[in-house]
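Peer 1: One line per chain: the protein sequences are F and R, in this order.
Quick note: the first sequence uses the numbering used here, first residue 1, plus one each step.
Quick note: the second sequence uses the numbering used here, first residue 1, plus one each step.
One should not assume that every hint holds.
The list makes no distinction among identical chains, and a pair is therefore deemed to hold if it is satisfied within one copy or across any two copies.
What the hints assert, rightly or not - Capping the alpha-carbon separation at 27 Å, the derived lysine-lysine pairs in DSS-like fashion look like this:
#	residue 1	residue 2
1	Lys245	Lys9
2	Lys9	Lys232
3	Lys220	Lys94
4	Lys94	Lys245
5	Lys308	Lys94
6	Lys9	Lys131
7	Lys131	Lys308
8	Lys485	Lys298
9	Lys485	Lys245
10	Lys131	Lys298
It should be emphasised that the hints constitute simulated quantities derived from the structure, not laboratory data.
There are 2 protein chains.
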Amino acid sequence: MKIKRDMGKAAALRPLRDVENWDRTVDVVVVGLGAAGCCAAIEASEAGLEVLALERMSGGGGTSALSTGQLYIGGGTPIQKAFGFEDSPEEMYKYLMASCGPGEDEAKIRMYCEHSVGHYHWLVEHGVPFKESYYGDGSYTPTDDCLSYSGSEQSYPYREIAVPAPRGHTVQQDGIEAGAQLMRSLVAAVEQTATVVQEDSLVQTLISDEDGRIVGCVVKHDGEEQLIEARKGVVLCAGGFINNKEMVRHYAPELWRCRYRAASDGDDGRGIRMGMGAGGAAVRMETGCIVLPYTVPKSLMNGIMVDKRGMRFINEDLYQTTVGEAALLHQEGHVFLICDNECFARPFAPTEIAAVEETVADLEKALEMPEGVLQSTVEVYNRHAERGEDPIFHKGAQYLQPLINPPFAALDYRVENSLYTVFTMGGLHTLPTGQVVNPDGDPIPGLYAAGRTTSGLAAQGYSSGLSLADGTFFGRMAGRDLAGKPVPPD
Amino acid sequence: MKIKRDMGKAAALRPLRDVENWDRTVDVVVVGLGAAGCCAAIEASEAGLEVLALERMSGGGGTSALSTGQLYIGGGTPIQKAFGFEDSPEEMYKYLMASCGPGEDEAKIRMYCEHSVGHYHWLVEHGVPFKESYYGDGSYTPTDDCLSYSGSEQSYPYREIAVPAPRGHTVQQDGIEAGAQLMRSLVAAVEQTATVVQEDSLVQTLISDEDGRIVGCVVKHDGEEQLIEARKGVVLCAGGFINNKEMVRHYAPELWRCRYRAASDGDDGRGIRMGMGAGGAAVRMETGCIVLPYTVPKSLMNGIMVDKRGMRFINEDLYQTTVGEAALLHQEGHVFLICDNECFARPFAPTEIAAVEETVADLEKALEMPEGVLQSTVEVYNRHAERGEDPIFHKGAQYLQPLINPPFAALDYRVENSLYTVFTMGGLHTLPTGQVVNPDGDPIPGLYAAGRTTSGLAAQGYSSGLSLADGTFFGRMAGRDLAGKPVPPD
Numbered sequence: 001m002k003i004k005r006d007m008g009k010a011a012a013l014r015p016l017r018d019v020e021n022w023d024r025t026v027d028v029v030v031v032g033l034g035a036a037g038c039c040a041a042i043e044a045s046e047a048g049l050e051v052l053a054l055e056r057m058s059g060g061g062g063t064s065a066l067s068t069g070q071l072y073i074g075g076g077t078p079i080q081k082a083f084g085f086e087d088s089p090e091e092m093y094k095y096l097m098a099s100c101g102p103g104e105d106e107a108k109i110r111m112y113c114e115h116s117v118g119h120y121h122w123l124v125e126h127g128v129p130f131k132e133s134y135y136g137d138g139s140y141t142p143t144d145d146c147l148s149y150s151g152s153e154q155s156y157p158y159r160e161i162a163v164p165a166p167r168g169h170t171v172q173q174d175g176i177e178a179g180a181q182l183m184r185s186l187v188a189a190v191e192q193t194a195t196v197v198q199e200d201s202l203v204q205t206l207i208s209d210e211d212g213r214i215v216g217c218v219v220k221h222d223g224e225e226q227l228i229e230a231r232k233g234v235v236l237c238a239g240g241f242i243n244n245k246e247m248v249r250h251y252a253p254e255l256w257r258c259r260y261r262a263a264s265d266g267d268d269g270r271g272i273r274m275g276m277g278a279g280g281a282a283v284r285m286e287t288g289c290i291v292l293p294y295t296v297p298k299s300l301m302n303g304i305m306v307d308k309r310g311m312r313f314i315n316e317d318l319y320q321t322t323v324g325e326a327a328l329l330h331q332e333g334h335v336f337l338i339c340d341n342e343c344f345a346r347p348f349a350p351t352e353i354a355a356v357e358e359t360v361a362d363l364e365k366a367l368e369m370p371e372g373v374l375q376s377t378v379e380v381y382n383r384h385a386e387r388g389e390d391p392i393f394h395k396g397a398q399y400l401q402p403l404i405n406p407p408f409a410a411l412d413y414r415v416e417n418s419l420y421t422v423f424t425m426g427g428l429h430t431l432p433t434g435q436v437v438n439p440d441g442d443p444i445p446g447l448y449a450a451g452r453t454t455s456g457l458a459a460q461g462y463s464s465g466l467s468l469a470d471g472t473f474f475g476r477m478a479g480r481d482l483a484g485k486p487v488p489p490d
Numbered sequence: 001m002k003i004k005r006d007m008g009k010a011a012a013l014r015p016l017r018d019v020e021n022w023d024r025t026v027d028v029v030v031v032g033l034g035a036a037g038c039c040a041a042i043e044a045s046e047a048g049l050e051v052l053a054l055e056r057m058s059g060g061g062g063t064s065a066l067s068t069g070q071l072y073i074g075g076g077t078p079i080q081k082a083f084g085f086e087d088s089p090e091e092m093y094k095y096l097m098a099s100c101g102p103g104e105d106e107a108k109i110r111m112y113c114e115h116s117v118g119h120y121h122w123l124v125e126h127g128v129p130f131k132e133s134y135y136g137d138g139s140y141t142p143t144d145d146c147l148s149y150s151g152s153e154q155s156y157p158y159r160e161i162a163v164p165a166p167r168g169h170t171v172q173q174d175g176i177e178a179g180a181q182l183m184r185s186l187v188a189a190v191e192q193t194a195t196v197v198q199e200d201s202l203v204q205t206l207i208s209d210e211d212g213r214i215v216g217c218v219v220k221h222d223g224e225e226q227l228i229e230a231r232k233g234v235v236l237c238a239g240g241f242i243n244n245k246e247m248v249r250h251y252a253p254e255l256w257r258c259r260y261r262a263a264s265d266g267d268d269g270r271g272i273r274m275g276m277g278a279g280g281a282a283v284r285m286e287t288g289c290i291v292l293p294y295t296v297p298k299s300l301m302n303g304i305m306v307d308k309r310g311m312r313f314i315n316e317d318l319y320q321t322t323v324g325e326a327a328l329l330h331q332e333g334h335v336f337l338i339c340d341n342e343c344f345a346r347p348f349a350p351t352e353i354a355a356v357e358e359t360v361a362d363l364e365k366a367l368e369m370p371e372g373v374l375q376s377t378v379e380v381y382n383r384h385a386e387r388g389e390d391p392i393f394h395k396g397a398q399y400l401q402p403l404i405n406p407p408f409a410a411l412d413y414r415v416e417n418s419l420y421t422v423f424t425m426g427g428l429h430t431l432p433t434g435q436v437v438n439p440d441g442d443p444i445p446g447l448y449a450a451g452r453t454t455s456g457l458a459a460q461g462y463s464s465g466l467s468l469a470d471g472t473f474f475g476r477m478a479g480r481d482l483a484g485k486p487v488p489p490d
C-alpha cells in the first residue's frame with residue numbers, strides 16, 4: 001500500500017492569548033528524541049531543569065538510529081592515542097575549515113574542535129560504548145570496531161593543509177546496528193534522568209507571546225491537543241527535511257534525484273518550519289550530504305571517475321561524499337568509473353556495469369561519449385600514472401596505476417542507476433549555544449535547536465560522523481545554555 | 001573616506017499593542033521605489049487604493065536605475081513581429097523552464113509567459129519607450145536600440161528545446177542610461193497616480209497584530225520615527241542582499257568573490273529580513289546572477305574556455321551568465337579563455353592577458369597547468385572543429401574554428417583578476433499574486449513582495465532582462481491583488 005504523506009502545517013504560530021489553560025508546565029520542551037534531543041534533555045535535566053521530551057514516533061531514536069553510528073571526534077581521543085595517531089584541536093580545526101566551506105560555521109567548528117575530546121568522555125560517561133580498536137578507512141565498519149578515516153583527511157588538498165588523523169568513532173556494535181546502539185545508549189541515559197518522555201506526540205506548532213518569545217508548543221497526543229508551557233524554552237531537534245518533497249523542491253531540488261534518502265519518516269522539515277515561522281533564519285538550505293558509495297573495495301579507487309563526456313573531474317580518493325557532491329551538483333549526476341581488468345572488482349554497494357570493451361576507444365563509443373575524449377583522458381592519465389604522479393587532480397600515489405589491461409569496464413554511477421544516498425544539511429541558523437537566530441543574527445527568545453533541524457558544522461565537503469557529532473554536542477550546549485551552565489563547558 | 005556600513009536590524013516585528021497612535025493610515029505601503037515598487041504602486045493606485053510609497057534614498061530608481069534597462073519580454077511582441085521573429089508563449093515557456101532550473105518557479109514562469117505581450121503594452125501605456133529596432137546579441141546595447149538576444153536561446157541545448165527568439169527589450173536610451181530612463185518613466189507614471197511618495201524614509205520593521213497579520217510598518221524619516229498603518233497590506237520591494245556581507249556569507253558565500261556588485265547601497269537585504277521576521281520563507285538564497293563578460297567581440301567565442309587544469313567545461317557560446325555560474329560555482333572561479341591569433345581580439349570588458357606563447361605546450365606551462373592536458377584539449381577540439389563539429393559541448397558551428405595560428409593567448413578570467421558581476425537572485429517565496437508565503441506555503445496576511453526581495457522566475461541560468469521582467473510584472477500583480485483585481489489580468 002502506498003501511503004500518501006501529509007507533511008502538515010507547522011509554521012503559523014499559536015498566539016499566547018489563545019491559550020486558556022496549559023495542560024502541563026515544564027522548564028524545557030525537547031522536540032524529537034534522536035541523538036540531538038537526547039543530549040539536550042540529558043544536560044538540561046542533569047542541571048536540575050524539568051524537561052519534557054516529545055517524540056512523534058512510538059519510540060526514540062529518529063534518523064540517528066538508522067545511521068551507521070559513527071561520530072566525528074578528534075583532537076586526541078584515547079582511541080586515537082592508543083593506535084599512535086597524533087591529533088590536536090588545531091589540526092582538526094584546519095581540516096574542517098578547509099573541507100566544510102565555503103559557508104562553514106567557524107564559531108561552531110572552533111568550539112567543537114576545542115571540546116571534542118571532552119565530548120568523547122561525556123558520551124562514554126553516559127553509556128555510549130566505543131571499542132578500543134582501529135578499523136581503517138570508511139564510514140561504515142561491518143564489525144564492532146571503532147576508529148576509522150571517515151573523510152578526505154589523507155587526500156589532496158587536505159593532506160597538505162592539516163596532519164591527517166582518523167576521527168570517525170563508531171559505536172561498538174556490529175555493522176549497521178551501531179546507530180541503533182548509539183540511540184539505545186542515549187535513550188537509556190535520558191531515562192536515568194528526571195526527563196519525562198512522551199511518545200506518539202507530534203508537535204503541531206509553537207506558541208509565542210506578544211513579544212515573539214517562544215513560551216510553549218501545541219502537541220497532538222492520542223488524538224487530543226495538548227498545550228505545553230515551557231518556562232525556559234523549546235529545543236527543536238526534529239531532524240531534517242529530505243522527506244518533504246515540496247521543501248526539497250524549493251530549497252535543494254537536485255537532492256531529490258538521489259535514490260536513497262538516509263532519513264526516518266520524521267524528516268519532513270517540521271522543526272525547521274516551526275523555527276522559520278517564529279522568525280528564525282534557515283541557512284544553507286541547498287546543501288546536503290550526498291554519498292556516492294564507490295570506494296569499497298579500495299582497488300576501485302585505482303580507476304578514474306569521468307563525466308558524461310569522458311573527462312575526469314576530481315581526485316578519486318577524495319571521500320565519497322565530496323565525490324558525490326561533485327558528481328550530482330557539478331556533473332549532472334552523470335558519471336562513470338572507468339576500470340581496467342587489473343583494478344576492477346565487484347563493488348560493495350550494488351552497482352551496474354554500463355559497458356565492458358576490449359579497448360578504450362570501444363568503451364568510449366559504447367558509453368556514447370564524443371570521439372577521442374575518453375581516449376585522451378586515459379592516455380594523459382596513464383602517462384602520468386606511469387611515473388606515479390597525478391598532476392591533474394593529485395590522487396594519492398597508492399591509487400595510481402596505468403589503466404592498460406583489457407578489458408575495460410565502466411561502472412554506472414549515473415544518479416538514476418546508482419545508489420546515491422542523501423540527507424539535508426541546511427536548517428535553522430543557531431549560535432553555538434543552540435539559540436535560534438533571526439536574519440539580523442539576534443536570538444529568538446525561548447527558541448533553541450540542534451541536529452539536522454539546524455545548519456551544523458559543515459556546509460559542504462561532509463565527512464562521515466559530522467552530523468551525529470554536531471547533533472550530540474550542540475544538543476548538549478542547548479541543554480546547558482537553557483540551564484545557565486557555561487557554554488562551552490569549562 | 002571608507003564608510004562603515006551598518007546593515008541595521010529589520011527582522012524583529014513591532015507588536016501592534018506597542019502602537020499608541022498611527023502617524024498615518026493608508027491602504028497600501030510600498031517599501032522601495034525601484035521598478036517593482038513603482039509597478040505595485042501604479043496598479044494599486046489606479047485601482048483606487050490609497051498608496052504610500054516609501055523610499056530610503058532621496059529619489060526613486062533603486063538598482064533598476066543602475067541596470068542596463070533591458071526587460072525579458074516575449075511571446076510575440078510588436079517589435080519581435082516587426083523584425084520577423086516568430087515567438088509564442090509556449091516557446092518562451094519551454095526555454096525558461098529548461099534554462100531557469102532546477103528550482104525554477106513554474107507558476108510564475110507560466111503566468112509571465114502567457115501575459116508577457118500584455119505586459120509590454122502596459123509598460124508602453126505607462127510611458128516606457130521602446131524603439132522599433134533590432135540590435136542583435138547581448139545584454140547591453142550601446143545605442144538606443146531595443147531588441148536583442150539576451151540569453152542562451154540560440155545555444156545548445158536550448159536551441160533544440162525551444163525555437164529561439166530574441167526577447168531582450170531595452171528601453172530607448174543610449175547605452176547605460178537605459179536603466180535610468182526606465183525608472184524616469186516609471187516614477188513619472190507613479191506621479192500620474194494619487195500615490196504619495198515619501199523619500200528619505202527607511203522602513204525599520206513591520207508591525208504585526210496578535211494573529212501575525214502585517215498591519216503596518218515603522219519608518220525613520222528626518223530622524224523621527226513614524227508609525228504607518230496599512231489597511232490592506234505592505235509590499236516589500238526593497239531589493240536584494242548582495243551588499244550585506246554577513247547575509248552573503250551565510251547564504252551564498254561564493255558570490256562575495258565577485259569583484260563588481262550590480263547593486264545600489266540599498267541592497268542590504270532589509271526587505272528579505274523583514275519578511276523572514278514575519279515568518280516568510282526565503283528560498284533559493286544561494287543563487288545569483290553571475291556575469292562573466294567575455295563575449296564581446298563575438299570572435300572571442302571562437303576561443304575555448306578552460307579550467308585551471310586546461311580542460312574545457314562548457315560550450316563557450318552559452319550566455320555569459322551561464323558561463324559565469326559554471327566558472328565561479330563549479331570551477332572555483334579559475335578559468336581562462338584560450339585564443340589563437342585568428343580569433344583573438346581585445347575584449348570589450350577590461351581583461352588581463354595571462355600569457356601569450358608560440359605553442360600550446362608553452363602556454364600550458366606558462367599557466368602552470370599539468371603537462372599535456374591543455375595540449376590534448378586543444379588537439380581534440382581542433383580535430384572536431386576542422387569538421388565543423390563540437391560533439392563534446394556542442395558549441396554552435398559559427399564559433400568553431402581550429403586554434404592553430406600562433407601565437408596563443410590566455411585571457412585571464414580568474415575571479416580575482418576579472419570583472420565578474422553579480423547580484424543575488426534568492427529571496428522571499430511569493431505566490432504569483434505577490435503574497436509572501438511561510439514555509440508551509442500559506443500566505444502571511446497583509447504581506448506582499450516583488451523584485452529582488454523575492455525569488456523570481458529564474459533560480460539559475462539567468463537570461464538578461466529577467467529581473468526587471470519579474471520585478472515589474474509581479475510588482476503589478478501584487479498591486480492588483482491588494483486591490484482585489486484579477487491576477488493574472490483578464
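Peer 1: Which hint numbers does the structure go against, in order from smallest to largest?
Peer 2: 3, 6, 7, 8, 9
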